[in-house]
Amino acid sequence: MGKKCAVCNEGEGKYRCPRCRITYCSVPCYKEHKGSAACDAAYERLVLEKESQAAKESAAVLKDFESEENADENEEGYRILPDQLDRMVESKELQELLRGPRLREVIELVDAAEDREATLDRAVENNKEFSDFVQLLVETINPEGAPI
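For the sequence shown, the tail end lands on 148 under full-length UniProt numbering, and the numbers increase by one without skipping.
Hints are computed from structural coordinates only; laboratory data are not their basis. The reader is advised that the hints may include incorrect statements.
In silico DSSO-like links for lysine-lysine, alpha-carbon gap of 30 angstroms or less [unchecked claim]:
hint	residue 1	residue 2
1	K92	K56
2	K14	K56
3	K14	K4
4	K92	K128
5	K56	K3
6	K34	K3
7	K50	K31
8	K14	K31
9	K56	K31
10	K50	K4
11	K50	K92
12	K34	K14
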């Protein structure tokens, strides 16, 4: 036998109140229970718990978003503008260099590195082909020679 009816304590609690989740056995018990102070209080507690959980989840999402936004702001100087990207795409010299499999391997290595900046610095120092590529890339992005 299941739980007893929380209203009359006689019948088997076959049904649950949609608001407070107590069990009841019949329509008369439901009608007696519906609108009772106990039901309203339990419902308010349930709503407050759900609101509290939702607020915690929202705060966590907002915190993650703010962290990502701050990271983006810190990297703003490293962004390539659309006109710079167009110059890169249109550069025949860059296209020719990118056909080399060794250069693509170095680029993939830098991209996959945990510390990309340090890996990039090492690649420029230790790989002439990559160093030439980076130099051409900078000249293509910034043909006037102004600081990037």
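Hints, verified against the model:
For the given pair, K92 sits about 53 angstroms from K56 by alpha-carbon distance, which is inconsistent with the 30 angstroms threshold. With a C-alpha separation of about 34 angstroms, the suggested pairing of K14 with K56 is violated against the 30 angstroms cut-off. At most 30 angstroms may separate the alpha-carbon atoms for a hinted pair to count; K14 and K4 meet this at roughly 8 angstroms. Taking the CA atoms of K92 and K128, the gap is about 20 angstroms. The hint holds against a cut of 30 angstroms.
Between K56 and K3 the alpha-carbon distance is near 34 angstroms, which puts this suggested pair outside the 30 angstroms criterion. Using a Cα cut-off of 30 angstroms, the hinted pair K34 and K3 holds, with the two alpha carbons roughly 19 angstroms apart. Of the pairs offered as hints, the one joining K50 and K31 holds, with about 26 angstroms between alpha carbons and a cut-off of 30 angstroms not exceeded. Taking the CA atoms of K14 and K31, the gap is near 15 angstroms; set against the 30 angstroms cutoff, the hint holds.
Simply put, K56 and K31 have alpha-carbon atoms about 36 angstroms apart, too far for the 30 angstroms limit, and the pair is violated. For the suggested pair K50 and K4, the alpha carbons sit about 27 angstroms apart, so the restraint of at most 30 angstroms is met. The suggested pairing of K50 with K92 is violated, with an alpha-carbon distance near 59 angstroms, which exceeds 30 angstroms. Simply put, K34 and K14 have alpha-carbon atoms about 16 angstroms apart, close enough for the 30 angstroms limit, and the pair holds.
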